[in-house]
Every structure is written in structure tokens, then in C-alpha cells.
Amino acid sequence: MTPRATPARLVVVLGVLVVVLAGVLLAAAASGPAGGLTADSRIVFQLRLPRAIVAALVGGALSICGATFQAVLRNPLASPFVLGVSGGGSLGAVVAILLGVPPLLPGVPSIPLFAFAGCLAAIGVIHLGASRRGHLLAHDLLLAGVVANSFFLAAMAVLQYVADPTQTARIVHWTLGSIQSSTVPLPVTAGLMAVGVLLVLVHANDLNLLSVGDETATNLGVDVTRARRHAFLAASLMVGAAVAVSGPIAFVGLFVPHAVRFFTGPDHRILLPASFLAGASFLVLADTAARAAFAPHELPVGVLTAVIGAPAFYVLLVRQRNRTTARTDA
Amino acid sequence: MSAPANAVEFAGAAFAYRERDVLCDVNLVVREGEFVGVLGPNGSGKTTLVRGATRVVTPRAGVVRVHGVDVSQISRRDLARRIAVVPQEGVPIFPYTVLETVLMGRAPWLGSFAFEGEDDVERAREALAAVDATHLEDRDLSELSGGERQRVVVARALAQNTRIVLADEPTAHLDLRHAVSMFQLFRRLRDERGLAVLLVTHDLNLAARYCDRVVLLAAGTIRADGVPRDVLTAPLLELTFGTCIEVRLRDDGTPFVVAAG
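Chains as they are written, first to last, in the numbering used here: chain A, 1 to 330; chain B, 1 to 261.
Among these hints, one or two may not hold up.
Stated by the list, open to error - Selected chain B positions facing chain A (Cβ under 10 Å, derived; list incomplete):
#, residue
1, T54
2, V85
3, P87
4, P95
5, G105
6, W109
7, G111
8, F115
9, F256
10, V258
11, A259
In short, the hints are calculated from the structure, not lab data. Glycine included, every Cβ here is placed at the ideal spot set by N, Cα and C.
Isolated chain A (complex conformation) (with noise of 0.2 Å):
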């Protein structure tokens, strides 16, 4: 059992978890093969910093999207890519790619543009095909979310089948996953985690309640399907944000909010922003480690959390069962 949430544990948890966080990105800033922070001051603020950071919001913003997902489709195995949004995503950078499309925004390339754009795409048909009259309820959202997921995939698919070897191995590299590419301004990218993070924080009360279940939520005073609704679509933004930013990245949305349930506990008012700091300096590790991995070649980070990140969740799920176990027994 953990201690119930109250504001002086939120402040506690948020404290060690931002500490941790400054030093993660300290060591992420320290690391390369130029030298530690002693290294040309340019490589130090213009290159690893602002990488960190886009690994940090990156790591961040899935990990608080799977814990919404879960509660939302009340499913502990969903994740942030299980709807589809990703998958949207991955076809509209697929497009770019194939057309070679110029950069239509300055300083936006074309490709994160319209990873972004099939991501908010997917977003519609999703809430479209989910709605009901009216209604907005899980087993629904997850059925259009994962018929819209095989249909992005197959398109994918047939895509690939007709481009050329080299736009394979851009297509390929990019579904990896990986922070290097990244070249969406910075404060483009923080500004939708931000606006995303804070929608989701104000329905974390209901997303409690809506673990429950949807009458019990109702009968609480929760409008169901508002709730679910705003929090589908502001965690999907930042599915979106994060994927045109970096491609998929496997299993950091998944692996993480679980983790940090395992140490604080279900309650959401706790559980979405440590989740968010936590995937935050997950992902800075994990992507610090692909850098150091192979100097001077790089493992797409995607690939690192992907291998790591199976094994770390069923050894996580081994131990939470043998923890409920061990208090059945006594």
C-alpha cells in the first residue's frame, strides 16, 4: 500500500523526481565524445542540451498519454500508440517522405509537418468513428482506435512496396524512432506538451473516478463523456506533437506509467505528472545510452527502449503480482 495523495506527497514525489530529472540532463549535457561539460560550450548548449530537452518533453508527453489512455480506456495495457494516432502519424511522414515534399512552413521540414497533420487526422476519424449518439465510451474509442491503427498500417504498407530503396531506409529509420532527427523549433513542440500536460491535469480527478467505471463516475458528478473526451483529444495532441517530433518510440508510454504507479500508487492527481517526469528522464537516459552506445553511430532510441523496455515490463508485472500474492497469502 502507498500513502493517499495529499498535496505535501504530490510536492515530495515531484521534488525527487524533478531532482532527478536536473541531473539526468546534466549528465545527458556531460556526455559525448568531444568531452564532458568541458567541451566547446556550442556542442554543450546548441547540441546536447537542446536534444535532452526534446528526449525529456518526448518521454514526458507519452508517458502521462499512456497513463491517460489507461484510465480513459480502462485498460492497463493500453498505450499511447494503441489508438492509432501514431499510426496516422507514421503514414502522413510516410507520405512526406515518398513525395519529397519541400518544406511548406519556414524552419518546419515537411516531414514532422505532416507526421503532425496525419496525427491530428487520425484524431478525427477516431472520435468520429467512436461517437455514438452522443457518447464517448471506451470499448468504442478502442475498437475505431484499433481499426483505424490496421488501416494505417496496411496503407503504410502498401506504400513502402512502391518506393524505392532509399526512401525504405528513410522510412524505415524514421518509424524506428529516434530524437536525432528531431528539427521542430523547440518552443513549438513544449508549447503543445504544455497545453496537453495541463488539460489532462485538470480531468485527473475524473480520470480516477472513470477507472471506477462510467456509472459510478456519473453517479460522482463526472460528465463521462466530456471527461473522456478531453482527455482523449489532449493526450492525443501530444501523441501527435511527440511522434512528429521523434517518430514512434516504443513502449516509454506503456513501461513508465506503470512503474510509477508500482511507487506511488493509482491516484492520478499523483500518478499523470510524476509519470511525466519520470518518462522525462527515462527517455534522456535511454537516449544518452543510444548515443554512447555505438560512437560514434547512433541506435535509434526507439530501438533501445523497444529492447529494453519488454523484458523491464514483464519483470515489473512479475513483481506487482508477487507483491498482491504475498498480501493475499497474509
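Keeping the supplied structure of chain A fixed, place chain B upon it in accordance with the hints.
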């Protein structure tokens, strides 16, 4: 002295799921300080009655009023401050503790990102004590037995601090002692705080003993509504439940029902 105010009122209310009619032309009033039992066979519309009062389902015809106001005009949050519901089921997918679960009853009184204060915790603990579950406070809800969980859900409804409580088979999983004390608890809430209580149950004898009135539902209509002695008669019950039923009268005149088979 004026008559007690109407807490919940169904006026010619009809409910349907898709095309299937579940309740037709229901006229029913539950007043402040009244403990009403709802009885009837499976599928007779008892749960729909509860859902109709809280606007989980909206009437196809007629109107439902809470404290004299059409429920369609009352906001979700305001409704949750007036009516607490004890639902039949609802296990969260995450391991919330018993205290956290009961504290959720305070949600209608909190802001969107607010934390419960000390007085909320105190209220939750009082509610736990009322259902004899103080010792369960730190346990995970998912580890409890069905009966223990049911008492915790009742505690959550009590913590909601409403003037109206609707309970859907709150004694279904309870042992004899806890079933009796559950009825006694609702009776006490009616006596001491003047709450309006509507309780759906299959326990005809406890309803006969503790309820002011019982309502007999059959095939989507109210077949009888009155004091237990008038409603719980062998011919009426046999007609409603379709099995041989014997009714005896206890010394104080309360009916005692036995399914004779």
C-alpha cells in the same frame, strides 16, 4: 405540520433501452425521511428505476423530479450532491485502497484538481465505521471479499453526504449479520438524518421488517405500492414471482415470506 417534501418523484415515467420497453407509466414518490424497498423478479426494471432517478437513463415519456426539480434540468455535479447511489458492481482496474475508494465519494464536493482535506478524511472514516469496515481502511479494494467490497461501496455513498440514497441490492453478497445491520443502518439514516432511502432487494423479510413502504415491480410496471403488510401477501407474491409462496405474520404483524416451492 406540513407533509415531508418529495425527494424523488416519478410521474408517468417510461424507460426503454433501444426499442425494448423496460418500465412503463411509473408513478412513484419517495419522501424525505422515508425508507422504501423495491422488490420484484429479475428483469422487472428495478435497476432501471435507480438509473432513471440519476439520469443515467432518460425517460422516454413522463418526468422524473428530484427535490421537485426535473432531473434533466439538474447538472451532473449538483445531482451527485443530492443523490448517492450504491451500484451493484464496479471494481476499478487499478489497485485503489479502501480509504481512497471511500474518499471518491467526496468528489462532487471537490474542485477538478483538488485534494481531500482532513474533514473529508474524517467523513470517510465515519462512513467506514458505519458499515463495520474500519479495519479494512488500508486494504486494496480488489483483495476484498464480495461482501466486504459491498460495504465499502455503501461507505462511499455515505461519504457523499446526500439527502437521498439509492441502493441497488446492497445486501446481495452479505452474510446474515451484515445484511441485517445494513438494513438497520439505512433505517437509522432515515430516523436520525431524515434521509430518503430507496433500496432494491430480494430480501423480502428484511424489507418487510425495516422499510416504511415496499414497491412491487412486475414486468415493467408497479404492481403494488404500500406498507409491507398490504403488499407482501401470498396471492400477490405468487402472481408476481410465479412460484408457491407462504406468508406468515409475526407477533408484531410484520409479514414473513417463505418460498414453499
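To see whether the hints hold, each was checked on the structure:
no., hint, verdict
1, T54, "6 Å, holds"
2, V85, "4 Å, holds"
3, P87, "6 Å, holds"
4, P95, "6 Å, holds"
5, G105, "7 Å, holds"
6, W109, "9 Å, holds"
7, G111, "8 Å, holds"
8, F115, "5 Å, holds"
9, F256, "34 Å, violated"
10, V258, "34 Å, violated"
11, A259, "31 Å, violated"
Comparing the model with each earlier hint shows violations of hints 9, 10, 11; every other hint is respected.
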